[in-house]
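Asks: Chains A and B, in that order, give the protein sequences. Note that this note's numbering has the first sequence beginning at 1, numbered continuously upward. Note that this note's numbering has the second sequence beginning at 1, numbered continuously upward.
Calculated from the structure, these hints are not laboratory results. Keep in mind that a hint or two might mislead.
Any copy, or any two copies together, can satisfy a pair, since identical chains are not distinguished.
To be verified - Lysine to aspartate or glutamate pairs mimicking DMTMM-like chemistry, simulated, CA-CA at most 25 Å apart: (1) LYS85 to ASP156; (2) LYS85 to ASP217; (3) LYS85 to GLU197; (4) LYS85 to GLU145; (5) LYS34 to ASP96.
There are 2 protein chains.
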Amino acid sequence: MIQSQAFAAPAHLALDAGADDVMARMGLRMTFAKDEEIYGQDEDADLIYRVVSGAVRTSRLMSDGRRQIGDFYYPGEMFGLEAVKQHRFSAEALCDCVILVLKASALRVAAGETAYDRMVQVATNSELDRTQDHLLLLGRKSASERVASFLIGLADRRRSDAVTLPMGRQDMADYLGLTIETVSRMLTQLQAALVVEFAGARQFRIANRAALARMAD
Amino acid sequence: MIQSQAFAAPAHLALDAGADDVMARMGLRMTFAKDEEIYGQDEDADLIYRVVSGAVRTSRLMSDGRRQIGDFYYPGEMFGLEAVKQHRFSAEALCDCVILVLKASALRVAAGETAYDRMVQVATNSELDRTQDHLLLLGRKSASERVASFLIGLADRRRSDAVTLPMGRQDMADYLGLTIETVSRMLTQLQAALVVEFAGARQFRIANRAALARMAD
DNA sequence: CGACGCTTTGACAAACTTCAATCCCCGTGG
DNA sequence: CCACGGGGATTGAAGTTTGTCAAAGCGTCG
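Sequences and hints are given; from them, build the entire structure.
Replies: Encoded structure:
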């Protein structure tokens, strides 16, 4: 299912109005199929991206196939511009999606060097903040805390208590540093505790936000 | 023991020559005792720091006392300037140490706005890179891989195969997302495999770098 | 309606943690 | 210089959490 409902991007990930406009006017609109690569690990980074519809994951693979997902990106959010020269993670489409792509140098010229630099700095900082939260989650939280954190974080980011998951269990697991089986068990447990309700595997609603927040720590 | 041998900081963490000079001339030299706080979580971030001697850790606490260490910093390296407005991690002295402290605004004026912005951008990016490596370590590596990664990473950063650890086992454990017992067991295992040699708990030498690199993945 | 892929569940195994005891530095004081 | 004391480190045994493997369930899409 394509993630297509419109909503505002969280402030920390949105372009400022001017650059946003530039991007919409000058950017190239590209469509990617589910699981298609948008850019690769160790690829040169001279493009910036913005999700129009659908959703994106960034991930890194180990030689034996283990995978860590860095983050997910939703409509209105930018990604790929935190790299200095080369990407450290690859980016792939979570589902069929439309992405606005623009040369960094073009945006730099169009938006002005100062505005561009400020924008990149803000984006990099918000990326770092989010990565540091993720670090605490992976280093010190239990499986149930990780899943609770994920659900509440997603709901906050999407500004809604009822969310459609754009990713499957494997993507959640690779984001949370768990296996799909453990993720599934924790979700079952959260439902049994009447903290969240699921309608199918992809649609959930937070039934008890205080309890969920408590479980996420 | 104070970590005082002189060496060059890795390029990615060093100030460029001009700013470095400014910092040495204008910065305030402060000494911190072991475990003393340099700045606190959620404190305003308007100062930048540079390690002169000793070593520093950044860490975040959960309400129940679980701790995640973000990174360690060594002589010549800067820290604390990646925050936009507030620190997300606190910083503490790993051992008695000397830190150069300077107001960000002062460096901004002295070094020039452009040079300052570039410097902050470079520092933030290197911080993000390191944090992303850390993410993979915490999310997808086994205990032995984590310890191997830590040792080889430390040796690379210090540019030597023989290193004195400035931190105790608890700090290593909180960086690696493990317990001190597990860290200790993995170290014992690495010694038994003749991959590293320890002289006391704080002094080690890499005996088989290829094997260690393989174990770190 | 049927088949395929994803998710859930169960039983078992492995990895890591916990708790407790012992050891070993290392610094101090006799 | 050596004995002693203490804090951190190591080791062991048992427990818990999470992973693995296998089977069954469910939904979605032809």
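Asks: State for each hint whether it applies.
Replies: Checked hints:
1. LYS85 to ASP156: between (32 Å within a copy, 22 Å between copies)
2. LYS85 to ASP217: between (36 Å within a copy, 24 Å between copies)
3. LYS85 to GLU197: neither (43 Å within a copy, 37 Å between copies)
4. LYS85 to GLU145: neither (35 Å within a copy, 28 Å between copies)
5. LYS34 to ASP96: Cα proximity of LYS34 and ASP96: one copy only (5 Å, versus 53 Å across).
Consistency with the previously given hints fails for numbers 3, 4, ordered from lowest to highest.
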